[in-house]
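Number of protein chains: 2
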Amino acid sequence: MKFIHTADWHLGKLVHGIYMTTQQREVLQQFVKLVEEERPDAVIIAGDLYDRSVPPVEAVELLNEMLFTINVELKTPIVAISGNHDSAERLSFGASWFQHSRFYLKGGLTNDFSPVNINGVNFYLIPYAEPGIVRELLDDESIHSHEEAMKAMVGKIEKQLNPNEANVLVGHAFVLGGTTSDSERILSVGGSGCVPSDVFSPFDYTALGHLHSPDAIKHKTIRYSGSLLKYSFSEAKQRKSVSIIEMDEKGNFSLKEHSLTPSLDMREIEAFLDELLDPAFYQQQNTEDYIKVILKDEGAIVDPMGKLRKVYPNILHLERKIEAIDLRKKQSYQTVRDEKKSDLDLFTHFYEQMTSQSFSSEKREIMKNVMDKVKLEAESR
Amino acid sequence: MKFIHTADWHLGKLVHGIYMTTQQREVLQQFVKLVEEERPDAVIIAGDLYDRSVPPVEAVELLNEMLFTINVELKTPIVAISGNHDSAERLSFGASWFQHSRFYLKGGLTNDFSPVNINGVNFYLIPYAEPGIVRELLDDESIHSHEEAMKAMVGKIEKQLNPNEANVLVGHAFVLGGTTSDSERILSVGGSGCVPSDVFSPFDYTALGHLHSPDAIKHKTIRYSGSLLKYSFSEAKQRKSVSIIEMDEKGNFSLKEHSLTPSLDMREIEAFLDELLDPAFYQQQNTEDYIKVILKDEGAIVDPMGKLRKVYPNILHLERKIEAIDLRKKQSYQTVRDEKKSDLDLFTHFYEQMTSQSFSSEKREIMKNVMDKVKLEAESR
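These protein sequences, in sequence, are chains A and B. Using UniProt numbering, read the first sequence as starting at 1 and increasing by one per residue. Using UniProt numbering, read the second sequence as starting at 1 and increasing by one per residue.
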């Protein structure tokens with residue numbers, strides 16, 4: 001039995017103010033092609049189909065079109081759950097009808113933990129839910145964290161699960177130790193959003209969504225498929241792929257990855273402005289890519305964004321290298337404030353932080369004169 | 001062949017800040033019961049299923065539940081189009097799957113004007129669309145009004161229509177001469193939203209949505225089913241019903257109405273405050289109803305809304321009868337301002353307008369003294 005595991009499509013996602021719809025369509029078309037070629041017995045989508053509870057109309061149309069192609073035209077069963085970015089209720093509209101064609105969409109959590117069986121594999125669906133919802137649903141006052149919620153739900157499943165069969169959990173959660181990136185919304189402030197990996201031990205494979213890298217966790221049977229696209233610059237170096245799993249009746253499986261590659265990449269470049277604007281530099285790369293530039297130049301530059309955009313039309317973010325230095329020094333700034341220092345000493349410190357240059361004695365002399373003059377004027381009023 | 005014609009459910013509607021969801025559920029349950037009893041061959045919903053393009057979650061759940069019950073559990077085909085309050089694209093999600101169980105949902109207008117045939121009756125579906133959309137879709141630059149748009153679309157249908165068969169148009173439009181109420185969103189500022197009734201002459205029956213009264217238009221073959229509930233006080237005296245049509249193969253039909261009655265009515269009461277608060281008065285009626293009160297009292301009343309709410313918890317709107325008088329007098333006020341009048345004359349006029357009482361010579365004397373005193377004080381500064 002073969003299934004493809006994907007998650008975190010985030011349709012309707014805005015990255016630095018730009019809709020990713022065109023890229024998403026392009027990569028989903030690659031995905032549909034993969035389904036045509038691989039002819040899997042099922043496609044698993046582990047949550048965050050949309051980026052937000054009320055996605056833009058284009059995202060609704062894109063999801064409708066892609067799922068229809070996979071499910072009805074290619075006659076491939078789909079198993080999907082909602083993630084923390086989806087609205088469980090809105091996503092659920094029509095779900096009862098979808099089952100006709102073996103599209104199993106579980107938007108909201110229910111007390112029914114019975115599996116969907118597809119060609120001998122049991123898929124247990126746990127859509128994302130706040131611990132409070134699970135507490136109420138299971139009528140279990142002891143549930144306060146995501147860990148407790150997941151344990152309780154897996155406990156319900158274990159009661160009916162036959163360990164001699166092939167059992168797969170489909171969930172949307174943050175597994176302890178997983179590597180995060182900037183585009184995932186944290187599940188719980190203060191760390192109680194984590195679920196330890198041993199909670200999933202009853203399953204032969206746990207198909208997760210939430211973290212955006214396929215390498216987010218190293219575990220034999222627990223896996224994040226990773227997101228459809230790079231959705232933040234912190235993901236610039238991540239591979240993006242879906243996982244193709246072949247599983248036997250006992251739950252033994254082999255896994256291979258299939259890369260998804262949009263025509264425009266998302267990447268970071270660290271260089272001096274002159275380099276960036278030098279044809280010898282930029283002609284070797286796709287200047288249409290979504291780019292974050294880290295400028296190594298120091299000192300004032302007039303309209304660097306305007307200059308860069310002429311060469312890199314999809315530049316999304318510009319940072320100065322110098323800012324990184326500031327951040328490193330910020331800590332020491334606090335200690336300076338606590339000591340008694342002269343205004344001139346404080347300014348010297350400030351200048352050195354802002355420019356990463358030393359404040360020459362010549363400059364110091366000029367500043368001292370300015371300060372003295374200002375003080376005199378203030379006193380004479 | 002029997003079908004039920006309904007429209008304008010407006011799920012998610014707020015009336016004076018109150019969600020109508022409970023009432024809507026109640027009346028839809030009556031509707032489901034009617035379907036169970038009548039066993040129609042189809043249910044027709046002529047647009048405005050939702051009240052807005054992004055309806056609240058409760059409305060999405062209610063629509064999903066009711067349509068599932070009718071279509072899947074009661075195995076009744078449904079024909080539905082979007083109205084001007086719906087988002088064509090959002091409503092369309094899943095429509096391709098719904099056809100499996102003969103739920104024909106046409107959200108967005110397409111170039112395909114072929115009918116849905118149910119037990120010998122052809123249903124032609126024209127969801128609501130702006131003239132600009134129709135102009136683009138039909139590639140016909142002459143389309144600028146709703147009339148031109150509807151004529152062009154009906155023209156497309158006429159080319160394929162067999163007049164010897166039973167032909168029904170399902171549309172969402174404002175037919176010329178129709179009686180409006182306050183809860184319908186006008187289709188076009190300036191009156192070009194109207195469609196003359198003769199446009200629909202090729203059809204044996206035209207099942208319309210948009211106007212909220214089943215009596216909105218008097219025509220043998222064109223009919224508004226009316227809305228599910230009263231959605232504004234201008235509808236307080238309207239009957240609310242659905243239409244049950246029995247049609248033969250030639251398109252001859254008979255029609256009966258079936259009333260839908262929520263447990264809470266929406267109505268207006270015009271009375272004095274004392275009357276309204278008198279148990280002898282209010283004990284004869286359902287004080288839980290959604291009520292608009294028109295107070296006949298003149299002069300100041302302290303917190304009338306607070307007093308009334310104790311007896312009528314669902315009072316939604318309070319008007320003073322006196323305001324109506326003011327409106328009538330407003331015109332004459334303008335003429336007064338243009339003349340040269342003394343401050344005392346102006347105040348007299350103002351008093352009479354605000355109270356609808358005459359300003360007695362005694363009061364006039366008091367006011368004169370006050371004014372003189374104020375003037376003296378002002379001059380002495």
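Rather than coming from a laboratory, the hints here were simulated on the basis of the structure. Just to be clear, a hint being listed does not mean it is correct.
[Unchecked claim] Heads up, simulated SDA-like pairs for lysine to any residue below, C-alpha to C-alpha not over 20 angstroms straight-line:
| hint | chain 1 | residue 1 | chain 2 | residue 2 |
| --- | --- | --- | --- | --- |
| 1 | B | Lys75 | A | His100 |
| 2 | B | Lys75 | A | Ser101 |
| 3 | A | Lys75 | B | Ser101 |
[Stated by the list, open to error] So the derived label-pair ranges between C-beta atoms look like this:
| hint | chain 1 | residue 1 | chain 2 | residue 2 | range |
| --- | --- | --- | --- | --- | --- |
| 4 | A | Arg102 | B | Gly120 | 28 to 38 angstroms |
| 5 | B | Glu65 | A | Thr180 | 29 to 39 angstroms |
| 6 | A | Glu58 | B | Gly120 | 37 to 47 angstroms |
| 7 | B | Asn286 | A | Asn162 | 31 to 41 angstroms |
The beta carbon of each residue, even a glycine, is placed where N, CA and C say it ideally should be.
Taking the hints in turn, this is what the structure says about them:
no. : hint                                       : in the structure
1   : Lys75/B with His100/A                      : holds (14 angstroms)
2   : Lys75/B with Ser101/A                      : holds (17 angstroms)
3   : Lys75/A with Ser101/B                      : holds (17 angstroms)
4   : Arg102/A with Gly120/B: 28 to 38 angstroms : holds (33 angstroms)
5   : Glu65/B with Thr180/A: 29 to 39 angstroms  : holds (38 angstroms)
6   : Glu58/A with Gly120/B: 37 to 47 angstroms  : holds (40 angstroms)
7   : Asn286/B with Asn162/A: 31 to 41 angstroms : violated (57 angstroms)
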